[in-house]
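Work out the full structure, taking the sequences as your base and the hints as a guide.
Taken in sequence, the protein lines are chains A and B. Letter by letter, the first sequence follows residues 65 to 273 of my numbering. Letter by letter, the second sequence follows residues 65 to 273 of my numbering.
The list treats identical chains as one, so a pair stands whether inside a single copy or across any two.
Restricting the straight-line Cα-Cα distance to at most 30 Å, the calculated cross-link-like pairs of lysine-lysine (BS3-like) are:
| hint | residue 1 | residue 2 |
| --- | --- | --- |
| 1 | Lys121 | Lys184 |
| 2 | Lys180 | Lys116 |
| 3 | Lys260 | Lys270 |
| 4 | Lys184 | Lys98 |
| 5 | Lys180 | Lys270 |
| 6 | Lys98 | Lys180 |
| 7 | Lys184 | Lys116 |
| 8 | Lys260 | Lys98 |
| 9 | Lys121 | Lys260 |
| 10 | Lys121 | Lys180 |
| 11 | Lys116 | Lys260 |
| 12 | Lys260 | Lys184 |
| 13 | Lys270 | Lys98 |
Note that these hints are calculated values from the structure, not bench results.
Read off the chains here:
There are 2 protein chains.
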Amino acid sequence: MTVEPRPEPVFFYFDFISPFGFLASLRVDALAAKYGREADWRSMLTGISVLKVMGLKPIPETPLKGPYAQRDAERYCRRHGIVLSPPLGSGRVQSRPLAAGRAFHWLRRHDPERAKPVAKRLLRAYWQEGVDIGAPETVMAIAASEGVDGAALGAGFDNGEAALLLRAAVDESLEAGVFGSPFFIVDGEPFFGLEKMELMEEWLEKGGW
Amino acid sequence: MTVEPRPEPVFFYFDFISPFGFLASLRVDALAAKYGREADWRSMLTGISVLKVMGLKPIPETPLKGPYAQRDAERYCRRHGIVLSPPLGSGRVQSRPLAAGRAFHWLRRHDPERAKPVAKRLLRAYWQEGVDIGAPETVMAIAASEGVDGAALGAGFDNGEAALLLRAAVDESLEAGVFGSPFFIVDGEPFFGLEKMELMEEWLEKGGW
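The following block contains the structure:
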């Protein structure tokens, strides 16, 4: 009896506070499933990759590109019937992504079945319900609403393990060449940006070229 | 008798030394023509937009993004059967784009029918024939091979008019929000990057959304 090897997952890297990462998160599972793959979600921090490693500025603060990126995201939302609330731009408070990332990577280690549902809940809260997900208490409340053991997760925050796990995950993402959100890796091939999902799909279909 | 208003052109902004700009240049005329449009080519300088206005680094010198961009361009070339010569990467000399841009914008003013053919010839020379197009003499020789009056173009270089025209064109591109290469504007809607050509095509087809 031969056992078909399980295909590698589609690695999906995202920053909780990246709008393009959120928009990609709404499609990546279905796209991977279409080709018999799982999407392996990995949160990262563009504050490390873009600002520290690449030495660039946050996109919203980059002249010319900032306004363009906002318009591009809005155009994408119109095309796909997605509503961000509050809308992008001046009114929106930017959350710090550390607590969400720490909880997510702690869950990947200790309660992996709940990691992705909690990430989705956090993303929806931040991008569509106007919730500031910056505070650990908020993240923990959201995690608890998905059935996570709040005491255990709280201990993971308190003893520093969650922070270490996020840091290790960010290091791993940088070693894999990941610099932006969303970023995908399929059988070792990197794809950066929401724009690349169609090309990635072609790659999944053909196995490369 | 009513006269159908002529539709606006597809504005196509590119930097002569941008590989993605070159790759876009190979498709943009046909794409525009499919929707009854002209492609209005406008060379710009990423050395001004990316480095000076946005305060970023050249992509090839940006950690993580540099190697990714090269891989992405190579993958695109394989997919489309395009050969760059010499290949991207270490061996390639980067030309200064000033002379090409000056000649191009001088031609747009004084010999507009030849501007695009000369631009195509310069791009092919640089990207597929290994020619360093940095020197005004090289640019003028290539322009002459396309029938341009070399004495008039030479005078345009010598009296500074070609430089002024390029500078004005770069200013105009920045005012239009153009920051990278390739960059397209369709009826006021901006599209940045080779990746966006399919989306732009949908926009041309539907008239926006």
